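**Q** Sequence:
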Amino acid sequence: MNSTYAPNGYFQLKNGSQTSKLYSSIEHSSSCSLGQVVSLRCISCGVSYNSVASHKVGGTKAASGNWPWHVGLRYKTGLLCGGSIISPKWIVTAAHCVYG
Numbered sequence: 001m002n003s004t005y006a007p008n009g010y011f012q013l014k015n016g017s018q019t020s021k022l023y024s025s026i027e028h029s030s031s032c033s034l035g036q037v038v039s040l041r042c043i044s045c046g047v048s049y050n051s052v053a054s055h056k057v058g059g060t061k062a063a064s065g066n067w068p069w070h071v072g073l074r075y076k077t078g079l080l081c082g083g084s085i086i087s088p089k090w091i092v093t094a095a096h097c098v099y100g
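Every letter in the sequence shown is one number past the one before it in UniProt numbering, and letter 86, counting from 1, is 86.
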């Protein structure tokens with residue numbers, strides 16, 4: 001998948017990456033040699049995606065569509081951190097989730 005920030009390539013997980021820090025696990029590539037890329041899916045503001053995950057991070061279950069700007073940052077098979085969509089191209093999360 002080509003990206004606005006990588007019009008001539010892809011963002012992918014580094015081959016053999018074992019770290020849980022998302023920032024240090026992503027690299028730019030001109031080809032899709034690993035067969036997997038990092039992607040985000042944008043939806044209209046205020047509209048939730050119709051998929052409800054069974055996992056919640058501390059708290060009570062929200063009604064469908066209540067918090068469509070909240071995202072879960074996942075790494076491999078587990079939830080890494082939460083984040084909030086603040087614009088069409090930016091998600092804000094805690095620094096320790098992506099740096100280090």
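FYI, nobody ran anything at the bench for these hints, they're computed from the structure. Treat each hint with caution, since some may be false.
In silico DSS-like cross-links for lysine-lysine, where the CA-CA straight-line distance does not exceed 30 Å [unchecked claim]:
| # | residue 1 | residue 2 |
| --- | --- | --- |
| 1 | Lys76 | Lys14 |
| 2 | Lys89 | Lys14 |
| 3 | Lys89 | Lys76 |
Computed from a predicted model, the values in this text were never measured in an experiment.
**Q** Which of the listed hints are broken here?
**A** The structure breaks none of the hints.
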